[in-house]
Amino acid sequence: MLPSGSMVAVPAKLPEANKELSRFGMEDMPNEVLHNIFHKVESKHELLTFRKVCRRWASNISEVLGSRTNLQYSEWKLITPKPDIIEYPVPKVMVGSSTRRMIADVMFPHRLSSALNPFPTLSISLVSIDIFTNPDDYELKPGESKIGFRPLIWNHGTNLKVLHISGNAFTLPRPQILFANLPNLKTLKLKHCSSNPVNSSDPESSTEEEEAKKFPILRNLTIRFCKMELANWILKTFAPTLESLELGCTMTKPFTRENYPEPDSFQNLKNFKIFDFKEASCSGPGTWIEMNNLGKVRVNLFHGPLKFLSPFVSRMKETIVDFTYDKKLANVLLLPADAGKSEDERRIIYPKVSKLCTQPVNHLQLQWDLELITKSFPNLKLLRLADYTETTREDAIVTCDIPAIFKSCPQIQTIEVLYNTCIPKYLLYHCHTFTRQDF
Amino acid sequence: MALVRVISSDGAAFLVSQRLAKRSGKLKTEIETFRKSSDNSEAQPEIRIVTIRAEILRLVLQWLQQHQNDPVLPANQNEQDGRGDAEMGQSQWDRDFLAPMDLGIVMELILAANHLEVKGLLDITCKLVESKITGRTVDEIRTAFKLKSDFKGNEEEQTRLENRWCVEN
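Here the protein sequences line up with chains G and C, keeping their order. Numbers 1 to 439, taken from full-length UniProt numbering, label the letters of the first sequence in order. Numbers 1 to 169, taken from full-length UniProt numbering, label the letters of the second sequence in order.
Everything labelled a hint here was simulated from the structure, so no lab data went into it. One or more of the hints may lead you astray.
[Claimed, not checked] When the alpha-carbon atoms are kept at most 20 Å apart in a straight line, the in silico PhoX-like pairs for lysine-lysine are as follows:
hint	chain 1	residue 1	chain 2	residue 2
1	G	LYS186	G	LYS214
2	G	LYS52	C	LYS132
3	C	LYS132	G	LYS44
4	G	LYS52	C	LYS152
5	G	LYS375	G	LYS407
6	G	LYS189	G	LYS236
7	C	LYS148	G	LYS52
8	C	LYS132	C	LYS148
9	G	LYS191	G	LYS214
10	G	LYS236	G	LYS44
11	G	LYS186	G	LYS236
12	C	LYS22	G	LYS52
13	G	LYS186	G	LYS161
14	G	LYS161	G	LYS191
15	C	LYS146	C	LYS132
Computed from a predicted model, the values in this text were never measured in an experiment.
Only chain C is shown next, with the shape it has when bound in the complex (with noise of 0.2 Å):
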């Protein structure tokens, strides 16, 4: 079985078949990279990701390994209906695997399964954002994700006028 080791920017090593590693597009291309310009076919590709530490990166390998069957989906699917593989059915062993992580958990995840182009964990956890601001009044979302009005004077006005061209009833 051919291998990889892909390292986390914190320096722990996971040695992780080709082909599920492969799942990931940016894996992908870093293995395909490597095959290209190395001399030796047996040598065992060594990918160093310096923006993912090992306990995000183990989470993100963790759910690799559990969806290694599903399909893979096309980066820009989502983006004409508005809604992923999030909406076509989450299962349950995905709510398992979400329900006990906090929210900068979350948010380290949904960047790293941004950066290493994981389309369907990227559609499950930004999902689980949008249930979290669903509902919630503008306040409530500022506290949560601690964000703060950087609208001047009139300028927030403005923009609903600007945009009102959007709003068509």
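With the rest of the complex left out, here is chain G (with noise of 0.2 Å):
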């Protein structure tokens, strides 16, 4: 007896290979079956690579590039300087749609029973999908819970006071009616996401103003890596009323000031924030850093930028930009080679300056001029000497003369010695800090 699951008869003699049908080729792949196989490529550097294999390629890649976290590469294993810092999915919710077969992982900060009841912060990271699609039929493993995005805004979204969404296929259709829906949030973190902005034309949207109505009081809203026109959109939106704002690379079109929001239309802003500044987003020349103290991370802060921030700085209590790759390096103004050529720019951001973070390439730029540091920074209140080598404490006052510094700068209070040591993948981080006390 044959057994239940077996081919049962084979034709005896197979039909002669037909040549015109044996010409498949890669171009004849469809879209789902190149994701599949970009998928299974590890390193992102190669899927950067291929990408200029043909324009198809490249659209493909992009897609496969923006659903995935750098958790997921091979390089991400080599270059992860502290695993403390990852954030896992867990638990995890299944966000998507059967036709897009989306997946998405949802990452509550406490455990999803007390997470949704009362539901006051939300930290999603979606790897693909359609904001206002159903939940798709995907069979649940342990652990794992599933709450469609749509019902999830629909249900809990009066009760939602922080979003944090990323992803970059996360698409906003029609952002002005996802902010409708919630009524009170007050912080939003966007990364990696996009978005056609409002289209009155849609006859399922209500008009703006009437939307503009329903709109939350955000309060804190944090952008990074996100389409240019999102961006527009939600500065726009809600720029009079946010107390904090941080922007860091965002794309596709010149960082100008033109694109943005007239500074004046930023009432309430209390503390602003740039970081991690890239090429792309600030067309034209630019200072670029390599900080090989901290994990070699390129870093780019801006002419255009710093230019952007005179503005905002006469209304702020000190002027940061955030260098968010090291939270050690927090809050202080991290000097560009450049920075400070134009008198301007001196003149209206120095003063506010009360942390200092230099290199040793500014440190020659500045020839130690005491004088110049004591003239341009009066508020200063803190120094931070980076990227030295393995030092002591004792080599330390030596070598960066620290007793000098405090005798010519009498406005700085304290002095921080940072250096790193190495082991292998891990760079790890040192500081020495001295206070005008001690000398």
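Using the hints, put the two chains back together into the complex; each one sits in its own frame.
Shown next, in the form of structure tokens:
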């Protein structure tokens, strides 16, 4: 007797191979197959290289790149310096639609049960999703929960105060409708998002004016790696109520003043941070700094953003350029090599600086001109000297001539000497702190 | 044993148990549609696959038969982690199965697995293609897969810039 699962009869002689049919090649592959192939490439560098093969590959690989997190690349395993900062998506919640075959991780800061009620904070890392599609029939595995993004927003949106979204293919086809359903939203963090802005011709959407009435009073906004259209719309919509704004690497179009709301519209802004601007966000000449002391991170503090900062500075307590790659360096002004060349910038920005971080390249530029520091940064409280190799506290005092700095710059109360040590795959940061009272 | 006749584009008929056939999403749907529309519950379904020739269909059925006791994978399983069951452990049988195939046959097998919704076979064949592009230069890939650069002007550079936002250090 034949087994129940088997091929019971095969033609004795198969037809001869049709040569025409055997000419299938890569160009015949549908997009979902190309995605499947590219998803199996572990190296981000290789994926980026493969985009140069042809237009179709470029397009598909861009989608694949956008749907993956850095944790999914082989390079990540090599360069990650700090395993303890990884945000693990636990527990998982699946969001998506069967038609798009999309899956998302929803990361809650607490256990799912407590997060759903009262549902105060929701952090979502979306691989790729159409926000207004229904959840699919994804078969849940133990420990997973499923919730559709649309019902999630519809049913819980009223209670939602903090919303974090990341994932480049996260599209907001009608962001105005989303925000109209989040009346109590106070904090919004968007990363790798894109959108088409308001589409007034959409019959399903009500008028802009009606929707604007329902928009939340957003206080804190972070936009990183977002498409310009979305960033513009959100900035312009929420500018008047924002108290805290963080901008980083907003792409596609040059980061110029005309793309943004007038500085005057930020009437309540108290805290403004910009970070990790890159070439494509600031077309034109810029200053690149190789941050060798910080995990080889390439940072661009661009001339443009500093100019862009100027209008805000007058109403802010201190100028902050947030270097978020390393929390220890947050809230300091890191001087690019040509910063301060403009007299306007120096006059407007430098007096607001209370914390200053310099690197050896800047040390050389300043030639330890302590008089310059005293004059340019009259309100400087903390001077951080970065990028030293391993040094003892005693050596640091001598190498950096700490007593001389304190003596020449009476406004400085604290000096930190930052150095790193390397072990395989990791870069560890250390800091010697000196106060004026120590000397 | 319930059977189904699966007929290739070039007219070859394969008599297959329905249990085996149903491991293909496409064939499963066709069998169920046939059952709903047929008055005779004993009637034998006949499914014509107009896009897959006999040689390739035989390979698909052969692979299905070998893997008839494997768990059926959901179609979207590998979207999230970038890897499917191909990573979970390709058997020696799979390696022997794919080894003699030239790239043209592999391409056809991919298209067939995709059309018939045979996730496991699709994964291992895509993995095979991935292994053939990884480590190669752009020119080598173009040569191997007979692809031509169709970028115009500075489009290639423009593409790189436009997608820069995906590239986070």
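Unmet hints by their number, sorted upward, for this structure: Violated hints: 9, 10, 12; rest satisfied.
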